[in-house]
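The hints should help you fit chain B onto chain A, whose structure is shown.
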Amino acid sequence: MSGMKLRAEKKMRKHLIEQLKARKVLGARIAQGEKSAEDLTRLNMPPQLYVFHNRFSGQVLYSQVPGFHQDQIDAQFTRPNWQNRKPNRRTDLWKLMCVVNFSNHEYAVAAYHGLKDLRKCRDTVQQQVAKAMRKKDDDGNIWSSGQYRPTYAQEAVADLSHVIDEFELENTRVMWESAWRKGDDARWRNDLVEHETLPPFTTKYQTALMAELQEKAVAEFAAAREGDMAHQSDTGAPGPGTSSPVA
Amino acid sequence: MSQVFKRQLSASVKSCARNKPLKFSDLKSIQLREPITPTHRNFDVSPDHPLWAFFGNGSNSEHAYRTSDELDTTSRAWTMPELRRKSFDDLHKLWYIILKERNVIATERRLANAIDNVGTTALSDLDAKMGLSHKRIKQVLLERQTAYERAQTLTSDINEYLANFEQRYINAAEDEIASENDKLVRLQYAVFGIQPALEDYNLESDINQKFVEGISFIAKVKLGRHLAQNPNSSVQFPLNGVVEELPFLIRSVDQAVEEVSALRESGQSVLLDKIDVFPFVRNALGKVLEEFNQQSS
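Heads up: the protein sequence lines correspond to chains A and B, in order.
Each residue of the first sequence is one higher than the one before, counting from 900 in my numbering.
Each residue of the second sequence is one higher than the one before, counting from 14 in my numbering.
The shape of chain A in the complex, shown without the other chains:
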């Protein structure tokens, strides 16, 4: 009779299992949910965009914060197929491809949403146009070496330059994991973007690198704001590039 369980016991067991499932963390908590400019300010996040590159499949993931979550993967790979599978969350597979520093939080949020729109465009709205621009193998499929398809990273770089040009996000700084990925200089507007290279790193110490980048960017951003405010109070006029002060 030891195997018999009371109804209450069964209910409690079920309840506990549900609790455990609900408590499971699918990625960095900070990356869960979309962040507005106010949210980023409240969280002491600088106006940055983190671009991760999957080393197994070549796919790219955008994040507003130094980390990523399963929700982002679900949101950014909406229509998976055999050539564009929904990638795994494993942290060792996602290597930082570049970190983009913007001049304010509005720009960072706009760039994030712009990139997501372009991804949606390539995956669903203008699927055929995007397919026509990809390098193909002899069978007419996306060129691949094993499961690795380099085209996704190249599209992400093109989209990044597209977003910066389209919204005219001035004073943008892109820090590349490798200058190689930047591609031809002619594809970037020099008046809007500066390029830099990150120090060499591995995925094992990526979180430490990102924490440091975030810290530095926060300090830089604060200093820039201080400068702006000082300029405004000195001249009694709004800072450069502004038309009317907001009360």
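Take these hints with a grain of salt, some might be off.
[As the list claims (entries may be wrong)] The calculated DSS-like cross-link candidates involving lysine-lysine, where the alpha carbons are at most 30 Å apart (straight line), are: (1) A:K1034 x B:K36; (2) A:K1030 x B:K41; (3) A:K1030 x B:K36; (4) B:K151 x B:K223; (5) B:K41 x A:K985; (6) A:K1015 x B:K36; (7) B:K41 x A:K1035; (8) A:K1019 x B:K36; (9) A:K1015 x B:K151.
[Said to hold, decoys possible] The following label-pair restraints were derived from C-beta to C-beta distances: (10) B:Y109 x A:R984: 43 to 51 Å; (11) B:Y109 x A:E1095: 39 to 47 Å; (12) A:E1067 x B:K41: 20 to 28 Å; (13) A:F1100 x B:E212: 21 to 29 Å; (14) A:R928 x B:S74: 43 to 51 Å; (15) B:A127 x A:L919: 45 to 53 Å; (16) B:R89 x A:N1089: 51 to 59 Å.
Treat the hints as calculated values from the structure; they're not laboratory data.
Virtual Cβ for every residue (Gly too), placed ideally from N, Cα, C.
Relative to the frame of chain A, chain B by itself:
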């Protein structure tokens, strides 16, 4: 908090001033851009970079693999007689030079197949030649090891063999003496464990009873030949122990004869007690090695 407030104010001021919207209006009308392909022109690679060693032409390589007209198709493998003349160090170096080149060729074959699906016969031929050289190097080393091991087992026949060799050496003609000298070098290593090159001596472990026997055999053979040619030489048999025999190992015969006669005249030639023999040999060879090292540096 004031910091936060300032930021919000400043940021919203900026975004108010914009006339470009921060959003795509219609996804259908977006002009998607061509993917940006990475390019190596964005950075320089040092010509000293060690990974260049994986390419056929080093840092001058233009392509991932060499074609048949860039390859040395007229070469041949090393032959056994050529390799037999090489020292262990030379063979060791040669082995690794060939190994490195074979590695490069294996990479090139793989790339040529994978990238362009071109024929790799020239690369395969070259690799076969180098593979043959590798096999021959192993064969030569095997021969040497076998000879050494067989010499260790020749305990009963060895004296007869040494006597025969002594006769042959003393009676050798002028044109044969070079090859007889080579034989003597091999024999002294095989039978007495005396290394051919001075710098290879390990003074702690090599100096033993066999070594001392070897010194006296070499002195006997060399002085024997010298006396057969110059019966009225200043030095005659018998030699007075290892003090007079050692010069014949480390000097040429004429120098050794002069040295021995000088020793005899100065009265420094003494017969050592058994217990003093090893320390004397170690000491003397150590001095010679030091001189040799100073000269070479």
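Which hint numbers does the structure go against, in order from smallest to largest?
9, 13
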